[in-house]
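A.B. asks: Here is how the chains run, residue by residue.
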Amino acid sequence: MTTKTLLLAALLAGISLPATVLAQEANPDASIRIGSLYEPQNLDNTAGAGQGINEAFNGNVYEALFQLTDAGAVEPKLVDSYEASEDGLTYTFKLKPGVTFHSGDPLTAADVKYSIERVTAEASKSSRKKSLSTITGIETPDDQTVVITLSARSISLPYNLSYVWIVNDAATDITATEDGTGPYTLGEWRRGSALALERNDAYWGDAPTNGEVIYTYFTDATALNNALLTNAVDIITSVQSPDSLAQFQGNSPYTVTEGASTTKEILAYNDRVAPFDNVKVRKALARATDKARLLNSIWGEYGTLIGSFVPPTDPWYVDLTSVDAYDVDSAKALLAEAGYPDGFEFTLDTPDYDPHPIVAQFLQSEYAKIGVKVNINIITANEWYTKVYQAHDFQATLQEHVNHRDIVFYGNPDFYWGYNNPEVVKLIADSESAATEAEQTEKLTEANKLIAEDAASNWLYLYPQIVVSATNVTGYPVNGLNSQFYAYDIQKSE
Amino acid sequence: MLLRLLPGDPANALLGVGATEQQIAAARAQVGSDQPLAVQFVSFLGNIARLDLGTSFVSRASVLEEIGNRMSVTLPLTFMGFFIALILAVPLGILAAVRSEKWYGTAISVISQLGIAIPVFWVGILLVTLFSINLRWLPSGGFPLKGWANFGEAITGMILPALTIGLVMGASLLRYVRAATLDVLGSDYLRTARALGASFPEALIRHGLRNGAVPVISILGIELASTFLGAVVIERVFSLPGLGSMLLLAIQQRDYPNVQGVLFISTLLVLLIGFAADIAQRLIDPRLRSTGSARE
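Top to bottom, those sequences are chains B and C. Last residue of the first sequence: number 1477 in the numbering used here, and the count goes up by one each step with no gaps. Last residue of the second sequence: number 313 in the numbering used here, and the count goes up by one each step with no gaps.
By construction, these hints were calculated from the structure, which means they are not laboratory data. Just so you know, not all the hints are guaranteed correct.
Each computed EDC-like pair below joins lysine to aspartate or glutamate, with the alpha-carbon atoms no more than 16 angstroms apart [what the hints assert, rightly or not]:
hint: 1; chain 1: B; residue 1: 1263; chain 2: B; residue 2: 1312
hint: 2; chain 1: C; residue 1: 163; chain 2: B; residue 2: 1058
hint: 3; chain 1: C; residue 1: 163; chain 2: B; residue 2: 1171
hint: 4; chain 1: B; residue 1: 1432; chain 2: B; residue 2: 1302
hint: 5; chain 1: B; residue 1: 1370; chain 2: B; residue 2: 1397
hint: 6; chain 1: B; residue 1: 1096; chain 2: B; residue 2: 1058
hint: 7; chain 1: C; residue 1: 163; chain 2: B; residue 2: 1181
hint: 8; chain 1: B; residue 1: 1432; chain 2: B; residue 2: 1297
hint: 9; chain 1: B; residue 1: 1077; chain 2: B; residue 2: 1058
Small disclaimer: the values here were computed from a predicted structure and weren't measured.
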């Protein structure tokens, strides 16, 4: 339509021109349609609902005492103020006044106690359970005060509490319904398809800048991209392959954003068994891996190289990419020193989903150059869990680790990769009982350097975090999206 | 039963990296995967007898209720696909037989052969590329949140997947229709009808259709059942929340109640379709009815 016919149409319809201009502004009642690959299995994050429920509900439907911002900082949310005792073993939290649940019940200290105990309970499937194990008691002297006592100092307590949803203690059946305090309430939910969040007009804080949010779930990455191309969704939260990016790049109706990711692709050795119990062998394999080429062949210009398990957004990050940098000759020399001048053979348990099979083939050809033969054994995610994670019955495996601040896994000698350096174990334990964040950071930085020197695992690369949206949509989060997707600041102009 | 021989444990779907030994043991106790296989099987049989399909390990939702929801997608999809296949295959099949010596008769046969050879997901992808991405006429997939309450959106979302099923199923059906028609064309009764003065189309419609339909219907029953079961692939390509995608996810997660429930209901349906095809054959062909009663 030409400008002239537009003008004519506007005149005929009796619309004045400023109205057409106004239409470009954000619609406060817009429906934001988000396409995602992570469908929640149920609505309770302590009942094995998976990553999807965090994406949909964290900060949107449920809130916690603290909240992790998009920039990675821990900020008070439902807490008005708090203080720790001198010895760091008692924390007293004052709750924000005037907060109500979606059912209308007021937020009380009893709800907080109930919610924390839900996560630490015997039947809880929460992956945060262990990190809260230092909690020995929760007292509620009055409705607005919660006192938590610990068996040992825990500098990460506020951080860990940011993953504990505050749920109404009177709520029932929260695997299929909700009763949180967040800016959205659960609307329609169709398993296998979509889930809607509606603006909570009784919200205690700032109102969302949109009317509703609809998460539509896809099992197939191509179908997800098609949905954005055909305007069936406004945003896709995770682009799975760079091939599909080509259709959005330089294509004016779309915005491509790369944020900070925490998802690490790693080659984890079983450090308990030969030959991987030998640090020289591990270092040799690290040096024989051309990670820049691997990342480039999978992600093109996206993604980040990492020299250890710590992503740049964790406070204890240091650039360790120069440790065991790519050098085939020194890899061969190290192998010979370790007693394997002719190389060796090992089985690589490879999960059957992207990008692991491609990475496995890449490593197979890389290691052939130093005489190491890789037998690729493709397994399902479920098998991986039984065989590798539980039974430790493996030589080496590929896995993506999604969380931030998860360097602490290297402080647990019983973890699946079996890395056991008493110095690291001590540093990680001490970091948790540190009196200040500076001390915690110092100890974990030290641990970070040690695991890199030990080549505890082979950290291949950090996934890129790519969000693609239609250009009329703004205000969405871009960082660390494995654990949340705050929807309340998203705006859409129509 | 066989599924349980696969490695993996349903408890795994509930837990993530970071789970402790106690959490794993608790999850196993909750889903019952720590019980002997025989015990699990007997309790399953007992529940089936009461039409209690249990609750999913993973979602904690009632299996029967969830199957009901998924059926509201898969059943209409199957029948729409089936309908499209019929309206394509019957006239074209007859035409291909009657005009088998003309160029277009041969062309229809060749194209249908091609239709059989192409994998169904490929047809789906081609249709999406053409009608959704390039022409923007139809959605590329998905099902509205409100389901059939949002009828317009639901039905437009069904068109491409149903067309995919219809084209692929129609291609193989066409060949049966063509073969059955060729049989009829060479038959004595048709020649007799023509000799008695009926025009060719008249004879074909009055005597040919009925006779030709008998073998076609038994094939139809089988095709319908296999379409229903084959919806898995189509539902995945078009992101439809049907029975197929439910089964696929349940197998990945070793969610046995869901797997057993879907298989049980699907088997029931396939038996029902077979039964309906038998009845239809008897209604059309009186000879089948009389043999049936003669045996009694």
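A.B. asks: For each hint, tell me whether it holds in the structure or not.
C.D. replies: The hints, checked one at a time:
Among the hinted pairs, residue 1263(B) with residue 1312(B) is consistent with the structure: their alpha-carbon atoms are about 14 angstroms apart, no more than 16 angstroms. Our distance criterion of 16 angstroms between C-alpha atoms is broken by residue 163(C) and residue 1058(B), whose separation comes to about 37 angstroms. About 7 angstroms separates the Cα atoms of residue 163(C) and residue 1171(B), which keeps this hinted pair within 16 angstroms; it holds. Taken as a hint, the residue 1432(B) and residue 1302(B) pair is honoured in the structure, with Cα atoms around 9 angstroms apart against an allowance of 16 angstroms.
For the hint pairing residue 1370(B) with residue 1397(B), the CA-to-CA distance comes to about 15 angstroms; that is within 16 angstroms, so the pair holds. The straight-line distance between the Cα atoms of residue 1096(B) and residue 1058(B) is roughly 20 angstroms, outside the 16 angstroms bound, and the hint therefore fails. Restraint check: the Cα-Cα separation between residue 163(C) and residue 1181(B) comes to about 14 angstroms, which is no more than 16 angstroms; the hinted pair holds. Our distance criterion of 16 angstroms between C-alpha atoms is met by residue 1432(B) and residue 1297(B), whose separation comes to about 14 angstroms.
Using a Cα cut-off of 16 angstroms, the hinted pair residue 1077(B) and residue 1058(B) holds, with the two alpha carbons roughly 14 angstroms apart.
The structure fails hints 2, 6 (numbered hints given earlier, in ascending order).
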